[in-house]
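Work the whole structure out from these sequences, hints included.
Per this note's numbering, the very first residue in the sequence shown carries number 530; after that it's consecutive.
The set of hints was computed from the structure by calculation and includes no laboratory data. Each hint should be verified, as a subset may be incorrect.
Mimicking EDC-like on lysine to aspartate or glutamate, the simulated pairs with C-alpha atoms at most 20 Å apart in a straight line are [as the list claims (entries may be wrong)]:
(1) K589 x E571
(2) K572 x E590
(3) K608 x E590
(4) K594 x D580
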Amino acid sequence: MESAECASKGIDWSVLSTDSVDSQAALFNDLIQLGLNNIMPEKTRVIHRNDVTWMTNHLKELIVKRQAAWAQGNQTLFKF
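The structure is reproduced here in structure tokens:
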């Protein structure tokens, strides 16, 4: 909750002072969406049907880094 309070303190709420309720609602929605994207960004997860249960995204990232090291001929990085 502290992140949300800090984020709301930096908002210039005077931008919502328009005549139209619809434009106020749209601006407020945009501000909330911007705050949510900063606090809780969306992350894409790829799950394959044949993946074993212990194959995490972190392990997949490590495999990709290791394969890239092999492709570049970096034996030191490949071994770690």
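Each hint, compared with the structure:
Note on K589 and E571: the hinted pairing holds, with a Cα-Cα distance of about 19 Å set against a maximum of 20 Å. Restraint check for K572 and E590: the C-alpha separation of about 14 Å stays at or below 20 Å, so the hint holds. Taking the CA atoms of K608 and E590, the gap is about 15 Å. The hint holds against a cut of 20 Å. About 19 Å separates the Cα atoms of K594 and D580, which keeps this hinted pair within 20 Å; it holds.
The structure fails none of the hints (numbered hints given earlier).
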